[in-house]
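J.: Sequence:
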Amino acid sequence: MATQPQIHGDADERYGRVADVFRANFTDRGEVGAAVTVYVGGRRVVDLYGGTADPRTGRPWTADTPVVVFSCTKGILAICAYLLVQQGRLDLDAPVTRYWPEFGRHGKADIPVRWLLTHQSGLPALDRPLTLDEVLAWDPVVAAIEAQTPLWEPGTAHSYHPMTYGWLIGEVIHRITGQLPGAFFRDALATPLGLRTWLGLPAAERDTVAWNIAPPPEAEPFVDPVADRGITMGGAFAFPADDAGLVSFNDPAIRAAGIPGAGAVSTADGLARLYAACVSPVAGPPVLDAASVDDATVVRSRGQQRHGPPDTGQRWGTGFLLHSPPARPLLSERSFGHDGAGGNLGFGDDAHQVGFGYVVNQMQGMGDERANLLTAALRSCLDD
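One rule links them: number in this note's numbering = place in the sequence shown (from 1) + 551.
Derived by calculation from the structure, the hints in this document are not laboratory data. The beta carbon of each residue, even a glycine, is placed where N, CA and C say it ideally should be. Careful: at least some of the hints might be erroneous.
Unchecked claim - Estimated spans, in silico, between C-beta atoms of each pair: (1) Pro836 x Arg565: 21 to 29 Å; (2) Arg640 x Pro753: 45 to 53 Å; (3) Pro832 x Asp758: 28 to 36 Å; (4) Asp690 x Gln557: 44 to 52 Å; (5) Asp793 x Pro876: 13 to 21 Å.
Input sequences plus hints: build the corresponding full structure.
T.: Structure, rendered in structure tokens:
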């Protein structure tokens, strides 16, 4: 059993079970540094943090410590897309070519925007190998997507798009707004809501970010050439870590560029406040209207992926991971959000008016129950 680090912050008395699980994650489940935040009805009821942000120096985790949240980024982009829908600037069921004409080459002319968000476009990996400099420059990836032929007939199957998701919907956002998705998110959501969440880390925040620690090697790692090519962007970077155990997204250049499907940097409060604002008044009326949440929580993809590990029951809406027991139970059928490699999780639930955020630096792999146990504790508190 590990030594209990000092836990900081507070939790309303009703939510003591969340605090108990958070502490047990350190003593029983290998936590190094982490934070969890919960809003209910627009009010923060849990705000806990503890442990070590950077084991190289011993720097402690503070209330303001952000960390790379990996695929939690996908939920952020989906919220941006729904914001554009509500503004009348985006139709999810229109062809991508309405906004991005060059996308339609090589058998992609009829793909609707929604399929970019539901992992059904057949573009989880690119044939063209890319360098890290090309990936960080944005336009070379967009050009590679335009030149790519789908790996299956779009709409007939799904496979998780680990990295290309970000450029696919991100370039649609770019074409509509004239801003890259990180800038649009900053201006439309992060600044008005006061979030410590960035897609493209500012230089002034560089030394505040927690250091990601590689997960232990999996006993039986899943190997699929398409999935591997997709997650490394054709070899541009190792993911999650190189042979020496260095997590690639610790690279300041990657953090600053904001890989659009996996590179957001956030505090737990940033994720929780964002999702809380989607379903309840936080800094004004809810960001998402009822029609958007209704649409977002419709299951669009489920079952065995075309390229992926055995089906674990995960269900996908339009851009969001949905309530998916037993692999990723959230609160209810009205929950929508996204998890991230290594253990991070953010989601909202309008039935409970909840916004939830949990961020970590000790990445774990298959069998990681830290987030699931926190959400189970929250569910039990809400049910009482």
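J.: Run every hint past the structure and note whether it holds.
T.: These are the hints, each one checked on the structure:
1. Pro836 x Arg565: 21 to 29 Å: holds, 26 Å
2. Arg640 x Pro753: 45 to 53 Å: Because 27 Å falls outside the window, the suggested range is violated.
3. Pro832 x Asp758: 28 to 36 Å: holds, 34 Å
4. Asp690 x Gln557: 44 to 52 Å: The hint (44 to 52 Å, Cβ to Cβ) holds, given that aspartate 690 and glutamine 557 are roughly 47 Å apart.
5. Asp793 x Pro876: 13 to 21 Å: violated, 34 Å
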